[in-house]
Amino acid sequence: MSSKAQMIAPDAYPQMMGRAQAAQLSQALCSGASAVNATRIIANSAGTLREALLGYVEALEAAGQDQALVSDKAHEIKGFADTAGLPATARIAEGLCHYLERSRELGAPADAAVIALHVSAIGRATRDSDHGGQTSQIVTSELAALAARKLAEAGSCTAEALSAVNL
Amino acid sequence: MKSGAGFDNFRALIVEDNGNMRILLRELLNSVGIREISEAANGQAALAVLRDHNCDLILSDMAMAPMDGIAFTRHVRTNESSPNHFVPIIMVTGHTEKARVEAARDAGVTEFLAKPVTPHNLYARIAEIVERPRAFVRTETYFGPDRRRKTLDHYGGPWRRHDDYDVGEKPQ
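Line by line, the protein sequences give chains A and B.
Each residue of the first sequence is one higher than the one before, counting from 1 in the working numbering.
Each residue of the second sequence is one higher than the one before, counting from 168 in the working numbering.
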């Protein structure tokens, strides 16, 4: 086989539809009516999704100090919580994901207490009714500050490290 | 969307281990007129679905067992038994670490959609796929959509490298 790249243009392989139909479809996908319908669907799904999210939270709580599993579940929660109408849970999970990623990049072991505090806060934010309220905001920012401090202690006291957890 | 607006014969496959997310994605596709939708809980089950039904679009999660979304994508793109090596694949995932995004890209995904899923982002990805299908690239180590997406102001085309060649041409 040649080391050169073989390029296959879009008109050289089967397309799902013709150009006129694709343009029509694209217009429909971006229409206001589609947006309204979809927003209603997501709102109607929030309760069911919240129940599913609790399953992820319980798995996270059971993960203990298995950091690979903690990271895996935190990413799932981060991706799921906003859609389930739990923005505070999503922000705390995102903070935990950032902290674990930065620790890994720095080659520093993640602090067990930082993980435990995030996991506890995720559980409370998910089960609490104070979604996005003042308490959640304070907890989120305090956890972000703690994570930033720990990363700084790990030798990464840079603006980049601090901004990575500045939610 | 009314029937006949473009999706009458359009078949989608949702590969996602979370049943609630599968339902949500199905409803979001339904709401724009996509009615023919298959579902699978992981990559391995999705391959079995593809053996029975070809499809026009795949939405795939990344973290699944026993076969994750990256292995599934690689299989669809490169395995001889794959029914459609060119099918658009949107990777829908909460795993947005750089290494995972690069792994998905290098496996041959067409688009990457970070969770949380918003209708705007999902529909924008589908619109991009149907309206501006990507060129594909075959090298010794990769087969999939062209990974170079940046538009260069001074680029004179049609391809980015002087030694790229169009399908049907013979390399020198």
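Hints listed in this document are in silico derivations from the structure and should not be mistaken for laboratory results.
Any given hint could be a false lead.
Claimed, not checked - Heads up, incomplete: computed chain B residues facing chain A, CB under 7 Å, no partners named:
id : residue
1  : GLU194
2  : PRO233
3  : MET234
4  : GLU247
5  : PRO250
Stated by the list, open to error - Between beta-carbon pairs, the in silico distance windows are:
id : chain 1 : residue 1 : chain 2 : residue 2 : range
6  : B       : GLU307    : A       : ASN44     : 47 to 55 Å
7  : B       : ARG299    : A       : SER141    : 34 to 42 Å
8  : A       : GLY18     : B       : SER249    : 21 to 29 Å
9  : B       : ASN176    : A       : GLU61     : 45 to 53 Å
10 : A       : ALA108    : B       : GLU307    : 34 to 42 Å
11 : A       : ALA12     : B       : GLU203    : 37 to 45 Å
In this text the structure is predicted, and so the values were computed from the model without any measurement.
Glycine residues also receive a C-beta, built at the ideal position from the N, C-alpha and C atoms.
Exercise. Between ARG299 of chain B and SER141 of chain A, is the Cβ distance one that fits in 34 to 42 Å?
Worked result: With Cβ atoms ~41 Å apart, the hint holds.
Problem set entry | Hint check: 7 Å Cβ-Cβ cutoff, MET234 of chain B to chain A | Check failed: Cβ of MET234 of chain B comes no nearer than 16 Å to chain A, outside 7 Å.
Exercise. How about PRO250 of chain B: closest beta carbon in chain A under 7 Å, or not?
Worked result: Not OK, violated: PRO250 of chain B not within 7 Å of chain A, min 11 Å.
Exercise. Is the gap between the beta carbons of ASN176 of chain B and GLU61 of chain A within 45 to 53 Å?
Worked result: holds (46 Å)
Exercise. Taking the beta carbons of ALA12 of chain A and GLU203 of chain B, is their distance inside 37 to 45 Å?
Worked result: This hint is violated: roughly 26 Å between Cβ atoms.
Exercise. Between GLY18 of chain A and SER249 of chain B, does the beta-carbon spacing fit 21 to 29 Å?
Worked result: Once the Cβ atoms are compared, 24 Å apart, the range 21 to 29 Å for SER249 of chain B and GLY18 of chain A holds.
For this session: Using 7 Å as the Cβ threshold, decide whether GLU247 of chain B counts as touching chain A.
Result: Because about 15 Å separates GLU247 of chain B from the closest Cβ in chain A, which is outside the 7 Å limit, the hint is violated.
Exercise. Do GLU307 of chain B and ASN44 of chain A keep their Cβ atoms within the hinted range of 47 to 55 Å?
Worked result: Holds, since GLU307 of chain B and ASN44 of chain A (Cβ atoms, about 49 Å apart) stay within the stated range.
Exercise. Once the shortest beta carbon distance from PRO233 of chain B to chain A is found, is it less than 7 Å?
Worked result: Constraint on PRO233 of chain B not satisfied, violated at 15 Å.
For this session: Starting from the range 34 to 42 Å, see whether the pair ALA108 of chain A and GLU307 of chain B falls in it by beta-carbon distance.
Result: holds (38 Å)
Exercise. Hey, does the GLU194 of chain B contact hint survive, CB to chain A under 7 Å?
Worked result: holds (5 Å)
The structure shown violates the earlier hints numbered 2, 3, 4, 5, 11.
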